[in-house]
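Peer 1: Residue strings, one per chain:
There are 2 protein chains.
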Amino acid sequence: MCASGSVTCVAFSSSEWPLSASFSNALCALLCLHSADIVQKANSGHPGAPMGMSPAAFVLFTKVLKFNPSNPKWAARDRFVLSNGHACSLLYSLLHLTGYKAWTLDVLKTFRQLDSIAAGHPENHFPGIEVSTGPLGQGISNAVGLAMAERHLAATYNKPGFDIVDNYTYVFCGDGCLQEGVSGEAASLAGHLGLGKLIVVYDDNHITIDGETHLSFTEDVLKRYESYGWHTLHVADGDNDVDAIEKALLEAKKVTDKPTMIKLTTTIGYGSAKQGTEGVHGSPLGAADIANVKTKFGLDPAQSFHIPAEVAAAFNHVEKGAALEQAWHELFHKYQAAHPTEAAEFQRRERRQLPADWEKALPHDYKPSGPALATRKTSGNTLNALANVMPELFGGSADLNPSTFTYLEKFKGFQKDSYEGRNVHFGVREHAMAAIMNGLAAYGMFIPFGSTFLNFLGYALGSFTLSALSGFQVLYIFTHDSIGLGEDGPTHQAVEKFMLCRETPHVLFLRPADGLETTAAYIAAIRHTHGPTLMALSRQNLPQNAGSSIEGALKGAYTLVDCAGKPDIIITATGSEVEIALTGAAKLTDLKVRVVSFPSWELFEKQTQEYKESVFTQGVPVLSVEAGTVMGWSRYAHASIGMTTFGASAPAPVLYKKFGITADNVAEKSIKLVEFHKTHPVAHLLQRPF
Amino acid sequence: MCASGSVTCVAFSSSEWPLSASFSNALCALLCLHSADIVQKANSGHPGAPMGMSPAAFVLFTKVLKFNPSNPKWAARDRFVLSNGHACSLLYSLLHLTGYKAWTLDVLKTFRQLDSIAAGHPENHFPGIEVSTGPLGQGISNAVGLAMAERHLAATYNKPGFDIVDNYTYVFCGDGCLQEGVSGEAASLAGHLGLGKLIVVYDDNHITIDGETHLSFTEDVLKRYESYGWHTLHVADGDNDVDAIEKALLEAKKVTDKPTMIKLTTTIGYGSAKQGTEGVHGSPLGAADIANVKTKFGLDPAQSFHIPAEVAAAFNHVEKGAALEQAWHELFHKYQAAHPTEAAEFQRRERRQLPADWEKALPHDYKPSGPALATRKTSGNTLNALANVMPELFGGSADLNPSTFTYLEKFKGFQKDSYEGRNVHFGVREHAMAAIMNGLAAYGMFIPFGSTFLNFLGYALGSFTLSALSGFQVLYIFTHDSIGLGEDGPTHQAVEKFMLCRETPHVLFLRPADGLETTAAYIAAIRHTHGPTLMALSRQNLPQNAGSSIEGALKGAYTLVDCAGKPDIIITATGSEVEIALTGAAKLTDLKVRVVSFPSWELFEKQTQEYKESVFTQGVPVLSVEAGTVMGWSRYAHASIGMTTFGASAPAPVLYKKFGITADNVAEKSIKLVEFHKTHPVAHLLQRPF
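Protein chains in written order, with this note's numbering: chain A, 9 to 698; chain G, 9 to 698.
Mixed in with the good hints, there may be bad ones.
Given that identical chains are not distinguished, each listed pair holds provided it fits within a single copy or across any two copies.
Simulated pairs of lysine-lysine, DSS-like, Cα-Cα distance not exceeding 27 angstroms [to be verified]:
hint: 1; residue 1: K49; residue 2: K665
hint: 2; residue 1: K420; residue 2: K282
hint: 3; residue 1: K574; residue 2: K680
hint: 4; residue 1: K665; residue 2: K117
hint: 5; residue 1: K328; residue 2: K261
hint: 6; residue 1: K680; residue 2: K614
Derived by calculation from the structure, the hints in this document are not laboratory data.
Based on the provided sequences and hints, a complete structural model is requested.
Peer 2: This is the structure we're talking about:
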């Protein structure tokens with residue numbers, strides 16, 4: 009950045025490379041101030057990192073990155089991820105300066121205000137932002153997914169002379185992102201996979217919120233990344249040495265068999281009176297200090313958000329971006345002529361159109377007379393059937409393929425010598441698996457899936473929440489979903505995870521009871537395009553229930569067994585407990601009983617009031633049966649059978665008995681509930697005042 | 009392990025070191041078979057790792073580990089953690105063979121059966137088991153906490169000539185534990201802190217569930233641990249070379265300024281026909297293969313669970329352990345004479361007794377006329393006041409001290425040159441923070457605390473669930489608990505985390521509304537000795553509410569403002585929304601309104617039915633107000649104001665308005681609710697059939 013005061017803004021055209029040092033400095037200074045001004049205007053935000061990273065951002069966005077501001081979704085663009093999302097004022101400045109229409113100067117002035125696209129942390133819903141960042145470690149891990157996406161599509165669609173898929177993924181991150189375990193998991197996998205087109209610029213600014221990094225972070229970061237199989241570089245003077253930054257980026261691009269980590273040693277808040285301290289991390293500089301910085305860099309301290317025309321022209325990427333995209337379209341048209349089938353499929357995936365008749369590929373022929381099957385098994389069959397007709401299905405397991413049945417039998421493993429493979433061996437890395445799925449979804453053209461035992465959602469929750477918040481269509485195929493897994497015991501048995509999924513916005517949660525409901529679960533998941541789906545699947549075998557139907561399950565809740573006239577009681581259950589509810593109901597020969605299978609609250613909520621009331625009839629008490637926490641069921645049920653403690657280690661049938669989730673207990677409690685409501689009114693749970 | 013068939017079991021006394029190679033081999037073979045027999049008997053479990061790790065286990069438990077089987081809780085014992093908990097049949101065999109009374113041969117035969125202490129994965133509730141493991145990566149991370157505990161207590165209580173605290177922490181782990189991000193976070197911190205008495209033995213057996221490690225895990229593990237600042241060693245033949253294993257352990261013990269990672273290359277299921285494959289990981293060997301293994305090692309294939317007397321004697325550690333403990337007690341008695349104050353405090357902490365009058369140290373003098381304060385701030389004051397009288401309070405922040413106010417002002421940072429410090433700089437490592445707290449709690453003599461923003465509970469959930477399952481008294485002091493944090497936006501705003509805490513067994517969840525309720529929260533947390541407490545605290549300032557009381561808050565829910573006679577409506581709220589409920593209620597001049605502050609569901613559930621009904625009077629509709637998901641509130645409320653979506657980025661007051669959590673809306677919805685119930689019966693939510 010600027011070493012001394014005086015700055016000359018010279019006229020500039022995009023062909024004048026290399027820039028003179030003084031001009032580079034002017035741009036850097038501007039960027040830094042721009043970012044600081046934004047934070048100051050909002051009187052909230054993080055100026056330090058944007059200021060320190062400005063030189064690198066300048067080089068990347070004006071000299072290296074392939075993008076078209078007029079079409080933020082251009083398929084062949086390089087991907088840029090600001091993993092240290094709190095530095096977003098820098099990104100927003102760049103999006104404005106390079107020419108994204110949505111990112112006007114007025115928008116920048118609404119930083120952190122309601123309904124502004126200049127949100128407190130970058131949100132993927134807005135132009136030019138690939139993934140939502142802020143929670144540390146996510147962006148860099150998403151980037152591994154973005155880079156995997158590129159490698160897989162390139163291996164799948166590129167043909168000799170037609171590198172239609174050929175982009176890099178760049179990441180900016182800070183110390184915080186590298187301290188988080190999720191990034192370590194993802195980086196280890198990226199090294200294993202040899203993702204050579206992934207380039208990370210690490211802002212080594214020695215400062216965290218608590219103070220200097222020597223308080224908690226003294227490891228040798230580059231050595232660690234080398235141990236993962238990465239190529240590493242160091243730029244010693246990230247504040248000033250734009251040439252070295254450019255050289256490092258170009259060198260990184262040349263190493264295509266390993267991801268690159270560039271350590272960029274910088275001064276946080278460079279130029280501020282508080283530079284190099286945690287004081288500049290998370291609070292505005294204040295008017296006096298901003299004036300001081302501007303004066304120091306030879307700019308007018310009286311002006312804010314001021315962009316000289318020459319500088320605007322220097323950053324503007326509109327023409328160059330349009331030319332880049334145009335060239336790609338020309339290539340693609342030739343590709344289309346030479347390889348029409350591949351081109352059509354590529355475009356179909358780009359448009360997120362589903363292949364014709366995809367639903368027909370699914371198993372529809374389960375019969376009550378057929379064999380009992382675990383829903384993890386029916387899921388495996390369904391996933392494989394779908395994957396055969398939907399190349400966008402791509403994913404794998406966190407080292408539990410033999411248990412979760414998510415291996416796509418007809419396809420190879422995704423490895424550095426077989427990027428065309430569609431089975432990802434994520435390793436025992438649940439958090440990175442989820443973060444990588446988010447990256448794959450963000451790239452576009454993928455419906456990623458990942459599997460593990462349901463309880464290990466706890467490891468992945470940071471990224472799962474972001475799947476939901478980002479509205480990414482990601483399939484969490486999580487098995488061994490309750491005490492029904494038996495002997496592995498309480499460390500492996502989910503108790504509270506069903507409700508956690510149900511209460512998380514945008515999540516479609518499904519707990520199918522048998523084969524047909526599993527098919528329904530996949531149909532719903534493929535239709536649920538703007539959020540993640542989590543399927544909770546059984547380890548144990550379950551019968552094919554009489555009355556089970558795909559159509560019914562797609563309504564979320566439906567009647568499996570009914571009685572004549574108004575029931576005395578409705579017993580509702582999900583997943584593996586439907587069988588128990590049915591057996592319990594059959595014992596209630598003196599009562600009129602309806603049994604409702606309830607695989608998905610979210611699907612049920614979307615039905616008409618009339619349909620809802622046809623399932624849960626007003627005035628009839630409802631008993632819920634589910635091997636998860638009973639908390640939350642008061643929304644639909646007047647009483648519940650379920651878990652109020654953690655599970656235990658024993659064979660599954662023994663555990664069901666221990667925790668009272670049995671047909672006998674269903675019958676007994678049903679009678680009690682009916683008795684109780686002879687003297688207590690039955691609340692109508694589906695009718696609410698607001 | 010045994011290289012060839014014939015085995016001679018020679019007589020043995022514990023002084024006969026070194027053992028002859030053949031005798032070592034006999035013991036190893038026995039251990040391996042023992043572990044395999046256990047799994048075979050249960051017809052469930054994981055024989056591979058126990059067999060592969062038997063030689064190392066043999067060396068550690070007979071030659072290195074300091075412990076007394078007759079007193080599993082002896083304070084000065086070395087700690088052993090089986091991080092790859094699925095290998096627990098090995099641990100259970102060791103506990104039996106070394107002489108833990110509870111671990112009889114009959115108990116081993118109940119492996120994975122209901123109520124057996126030989127549970128499917130090790131549970132800390134049972135003798136000889138320090139921490140519950142099974143979810144990978146946890147044990148090794150807990151061990152960092154165990155090792156920190158030792159360093160801190162040694163620095164605090166040891167005096168010249170009196171090393172009363174002086175133990176090592178040993179860990180066995182596999183590839184899976186090292187792939188998990190949480191272990192990377194913890195290992196980086198362990199290296200930073202120079203925890204020289206932490207020794208990890210890594211079972212490098214090349215196999216994961218999906219197949220060979222080359223599918224997903226090809227990093228250079230030792231280089232990675234070196235980058236963290238660890239001392240590393242490699243034993244190339246972990247199957248046979250017991251001398252090399254012993255040498256490595258002794259060498260590791262000598263390096264006291266760095267933790268040590270010993271990579272032990274082994275063959276999974278060594279001796280089995282399926283050795284070296286994933287087939288031996290998670291399923292019993294089968295009778296034929298066990299017979300084959302036994303024959304191979306020169307043992308009688310017809311016998312199971314057979315322990316020759318000589319071998320039993322060789323492992324038996326009862327006398328040696330008693331002598332070790334006796335020697336320590338003698339030292340401690342002398343210490344007691346020389347340093348009575350320290351000894352008394354040490355013993356008080358060992359007994360988990362609280363210091364006299366600890367409650368008096370807490371702030372009790374908040375008044376409605378006093379200043380509005382964020383509960384993160386009142387928490388900071390309370391925590392500091394408590395820490396001054398309770399040396400067992402030890403912890404810190406995941407790099408958010410300036411925001412969460414959990415720095416103990418009168419004490420130093422816990423660093424390698426100041427282990428007496430009580431402020432841990434966890435770094436941006438939420439998951440490791442929680443795992444380390446579990447380790448500190450497991451050591452005993454600590455009430456650990458950790459802080460971050462509430463939403464980042466999602467990063468730590470794997471360990472949080474284990475805090476609960478393990479019944480560890482751990483304080484999660486989590487701030488910025490809702491949309492009230494404002495501009496940082498939805499990535500930072502918890503929506504579903506309150507209910508997640510409430511539905512997790514053993515968790516005490518508290519959301520105090522002001523200073524007095526914060527004091528109550530700490531009282532409840534200190535009293536909640538057998539599970540974690542999570543406090544959700546505000547970023548924004550909150551008034552000191554009229555009617556607020558410590559006594560009331562300790563009942564979980566209590567009336568803040570009441571009306572004469574039976575109310576028309578009860579408005580209940582938690583934390584930062586209590587103020588809004590009060591203001592809303594004040595607008596309802598035409599209704600009789602009661603306002604209930606409801607800081608803790610768990611505390612309320614423990615009250616008498618009479619008390620509960622005095623708060624939530626039968627027949628009166630209840631409106632809940634909380635800036636979290638409304639799901640779950642149907643347990644106590646007939647209607648709810650709260651969140652049904654994720655938050656947004658804007659100043660907090662703007663967000664409260666956007667999401668309808670305002671006094672005006674409280675008033676409006678109260679009227680609606682009262683109107684609604686003029687024609688609908690009011691369900692009595694506190695009276696249930698079962």
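Peer 1: Against the earlier hints, flag every one the structure doesn't satisfy and list their numbers going up.
Peer 2: none
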